[in-house]
Structure formats: structure tokens, C-alpha cells
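Could you build all of it, start to finish, from the sequences and the hints given here?
Residues in the sequence shown are numbered consecutively from 1, following my numbering.
Fair warning: there could be bad hints in the mix.
What the hints assert, rightly or not - Capping the alpha-carbon separation at 30 Å, the derived lysine-lysine pairs in BS3-like fashion look like this: (1) Lys228 - Lys291; (2) Lys277 - Lys237; (3) Lys183 - Lys255; (4) Lys184 - Lys228; (5) Lys277 - Lys255; (6) Lys155 - Lys76; (7) Lys82 - Lys342; (8) Lys71 - Lys95; (9) Lys184 - Lys72; (10) Lys293 - Lys277; (11) Lys184 - Lys213; (12) Lys155 - Lys184; (13) Lys100 - Lys155; (14) Lys327 - Lys342; (15) Lys95 - Lys76; (16) Lys184 - Lys237.
Unchecked claim - Cβ-Cβ distance ranges computed for the label pairs, FRET-style: (17) Lys76 - Leu323: 25 to 33 Å; (18) Leu323 - Ala220: 48 to 56 Å; (19) Ala220 - Asn68: 27 to 35 Å; (20) Gln41 - Glu178: 42 to 50 Å; (21) Gln321 - Leu209: 50 to 58 Å; (22) Phe214 - Ser299: 23 to 31 Å.
By construction, these hints were calculated from the structure, which means they are not laboratory data. These numbers come from a predicted model, not from an experiment. From the three backbone atoms N, C-alpha and C, an ideal C-beta is built for every residue, glycine too.
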Amino acid sequence: MNSDEIISVVADIGNLYTRAGFTGDDFPRWSTFTKCTETMQFGDESLGYGNGQVLDILQPFNPDLYENLLKKMFEKLGVQSKDYSLLLANNFQTKHDLQKVVEILFESVEIPNFFTIRNAALSTFSAGRSTALILDIGAYSTTASAVHDGYTLLKTQIQAPIGGEILNEPFRQFVVGEYNQFKKTCLARDIKQGLLTYEQIDTTQQYELPDGKFIQMQQAQLSEIADKLFNSNDNFKGIQHMLLDIINNSVNDIKQQLCSTVISTGGSSNIPGFLNKLQTTLSALAPPMCKIKLIIYPSNQNRYHSVFIGGSILASLSSFQSLWVAKNEYQESGKFSIIERKCPN
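Now the structure itself:
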């Protein structure tokens with residue numbers, strides 16, 4: 001392999017989407033659903049009709065399916081895994097899950113080098129910052145994190161079991177036909193993305209279904225759906241309160257930095273008017289001395305792929321190259337202990 005060739009892959013394997021590409025890429029080269037069927041078809045391949053079972057790789061974590069997804073990832077990128085290092089975003093719920101993935105990568109996928117780092121830190125890097133307050137609205141959960149000098153402050157991190165997919169449910173009533181549950185969810189998501197807005201509109205929102213029929217919804221109906229991310233209930237206090245709790249629980253030295261560098265990521269952050277709503281709502285709650293400022297990405301794609309972009313930037317730095325965990329280090333150190341030492345985030 002020539003020294004000029006790209007030698008590392010960056011991957012963000014989330015509960016809904018998997019994104020992967022090479023170090024230095026502006027955006028991922030492969031993006032697909034983190035799902036597969038019984039026949040090991042992944043992503044769009046697994047979107048079928050009828051009652052075919054769609055298997056979940058991450059909820060709960062399934063090592064066998066995850067291994068097949070990793071192998072498919074390198075295949076889709078057109079490279080041999082034994083020739084490419086891997087920077088993997090860390091969004092695992094337990095240390096045991098990460099341990100199993102590291103074992104798969106070194107012993108089955110046979111990558112030469114590995115590194116992992118928290119999603120929040122990568123989103124911070126994608127915005128050209130090292131300290132930030134991150135709101136990551138995922139598909140099935142929302143996480144608020146403080147990042148300081150490139151490290152995620154896990155003791156202050158807050159996660160809630162609500163995400164962008166909850167906003168799909170009211171639109172499922174419009175999906176008719178012999179689809180499996182996964183396909184129905186995807187169609188409901190498409191309708192949501194075409195209709196939902198936080199902006200004040202004077203006219204009825206309209207969406208054309210595949211059969212040529214139209215859905216019409218009023219602003220009041222759409223606002224009621226959209227505000228589920230902000231409204232409190234027994235299991236969820238609202239995204240603005242998650243961020244406020246982190247601000248209040250942070251040390252004074254970084255409190256103002258966090259307030260002035262709020263970054264929202266995830267597909268739901270791209271709903272029209274969402275950022276203005278978040279700015280207004282959080283500003284009304286923040287301490288008097290803290291001025292809330294949201295960091296605006298240059299495009300919706302940057303917000304949608306922020307974790308991958310941050311990983312691509314990090315892995316391309318010359319100062320980062322000494323941080324890789326080599327396969328021989330892994331084998332000689334008692335295996336996972338080296339990951340905990342070199343990847344503390």
C-alpha cells in the first residue's frame with residue numbers, strides 16, 4: 001500500500017443508520033439502515049413487503065449481526081479490512097457490548113488498528129470546537145452531553161428514552177398496504193419529514209402519498225406532534241431541561257463556554273424552525289449570566305452526519321496517529337485493558 005493511500009475507515013453505527021467512509025471524507029460514502037433480515041440483507045435491501053422478519057442489531061445488542069454488518073461495511077467501501085484501521089464512534093450502552101465489538105474487530109474482521117471515542121466529542125470536533133454542550137436527538141433516545149477539551153464529561157451526561165422516531169407514530173395512520181412493520185415506519189418517517197415544522201404557517205401543510213392521494217394537516221396538529229420533544233411527562237422532562245440540568249451542574253469555569261456553544265445534532269434537528277424553538281426555549285430558562293448561543297452548521301447534512309465528520313477530522317490529524325490501538329498491543333495487554341487506557345472517552 002502506498003503511503004499516499006487512505007489507510008483508515010471512520011464508522012458511526014447508530015440505532016437507526018450506519019454511516020461509513022474514509023478519513024478525510026467530508027461526508028460518509030456508505031449510509032444505510034442498521035437493520036438486516038434473516039437472510040442477512042442490510043439496510044435498503046431489507047425493506048420488503050409482507051411479513052419478512054427485520055432483525056435489530058443494537059436493541060438488544062446482537063454480536064453475530066453486528067459482525068456481519070462490519071464485514072458488509074468494508075465490502076461496500078471496496079477495501080480489505082486487514083489493510084485499514086478503524087475509528088468507531090462509541091455509542092454503546094454497556095462496556096460489555098464494546099468489549100465484544102473490539103474482540104470481533106481484531107479477531108474476526110482482522111483490522112490492524114482501532115480507536116473509539118464518544119459521539120458527543122466527535123460532534124464537537126465536527127463544529128471546529130473542543131468544548132461544547134451537545135444535544136444529540138437520536139432515533140430512539142436523546143442524549144445531552146458536556147464536552148470539555150475534547151473529553152465527554154460522562155458524570156453530567158443525561159439520556160432520555162425518547163427520540164425522533166416517536167414523532168413518526170401519528171403519521172402511521174396514513175400508511176396503507178401490505179408492508180412489513182419496518183417499511184410502514186419508513187413511510188411514516190417520510191411523511192413526517194415532508195410535513196412537520198416548528199415554523200408558524202398560514203396555510204395547510206400538504207403531502208402527496210405514493211398512490212396520488214394527499215394528506216392535509218393544520219399548524220395546530222403539527223405543533224402538537226413536534227412539541228413532544230419539548231413537553232414534560234412522567235418519563236421525560238423535555239430536551240431544554242436536559243440541557244439546563246447540565247449547565248446548572250457544570251463547574252463555573254466552563255459554564256459560560258457551554259452556554260455559548262450549544263450544538264444540536266440528529267435528523268430531528270433539521271425540522272424547520274427547530275433551532276429557533278430550542279434557542280428561545282433554552283434562553284428563557286438559562287441562568288441570567290449565561291447567554292445561550294447555538295452553533296449553526298453550514299448545511300443540514302453537516303448536522304445529520306456530525307459524528308462521522310468529527311471522526312473524519314480527528315483521524316486525519318498527524319497528532320492523532322500515535323493514539324491508535326494496534327492489534328499486537330491488544331493481544332499483549334490483556335486485550336480490553338489497552339482500550340480503556342488509550343480510549344478513555
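Structure-based check of each hint:
For a cut-off of 30 Å, the pair hint linking Lys228 to Lys291 stands: about 25 Å separates their Cα positions. Straight-line distance between C-alpha atoms of Lys277 and Lys237 comes to about 16 Å, which keeps the hinted pair within the 30 Å bound. Restraint check for Lys183 and Lys255: the C-alpha separation of about 44 Å exceeds 30 Å, so the hint is violated. The suggested pairing of Lys184 with Lys228 holds, with an alpha-carbon distance near 21 Å, which does not exceed 30 Å.
This hinted pair checks out: Lys277 and Lys255 have alpha carbons roughly 22 Å apart, not beyond 30 Å. Our distance criterion of 30 Å between C-alpha atoms is broken by Lys155 and Lys76, whose separation comes to about 37 Å. Of the pairs offered as hints, the one joining Lys82 and Lys342 holds, with about 21 Å between alpha carbons and a cut-off of 30 Å not exceeded. Between Lys71 and Lys95, the direct Cα distance comes to roughly 22 Å. Compliance with the 30 Å bound is thereby established for this hinted pair.
With a C-alpha separation of about 25 Å, the suggested pair Lys184 and Lys72 falls inside the 30 Å cut-off, and the hint holds. Taking the CA atoms of Lys293 and Lys277, the gap is near 13 Å; set against the 30 Å cutoff, the hint holds. For the hint pairing Lys184 with Lys213, the CA-to-CA distance comes to about 17 Å; that is within 30 Å, so the pair holds. Our distance criterion of 30 Å between C-alpha atoms is broken by Lys155 and Lys184, whose separation comes to about 38 Å.
For the hint linking Lys100 to Lys155, the alpha-carbon distance of about 24 Å falls within 30 Å, and the restraint holds. A C-alpha spacing of about 13 Å is found between Lys327 and Lys342, which places the hinted pair at or below 30 Å, so the restraint holds. Between Lys95 and Lys76 the alpha-carbon distance is near 28 Å, which keeps this suggested pair within the 30 Å criterion. Taken as a hint, the Lys184 and Lys237 pair is honoured in the structure, with Cα atoms around 29 Å apart against an allowance of 30 Å.
Distance hint for Lys76 and Leu323: a CB-CB separation of about 26 Å, consistent with the stated range 25 to 33 Å. Our hint of 48 to 56 Å for Leu323 and Ala220 holds, since their Cβ atoms are close to 52 Å apart. Take Ala220 and Asn68: their Cβ atoms lie about 46 Å apart, and the range 27 to 35 Å is violated. For Gln41 and Glu178, the hinted distance range of 42 to 50 Å is not satisfied, since their beta carbons lie about 19 Å from each other.
Checked against the given bound of 50 to 58 Å, the beta carbons of Gln321 and Leu209, roughly 51 Å apart, stay inside it. Phe214 and Ser299 have their C-beta atoms about 29 Å apart, which keeps the hinted 23 to 31 Å range intact.
The earlier numbered hints that this structure contradicts are 3, 6, 12, 19 and 20.
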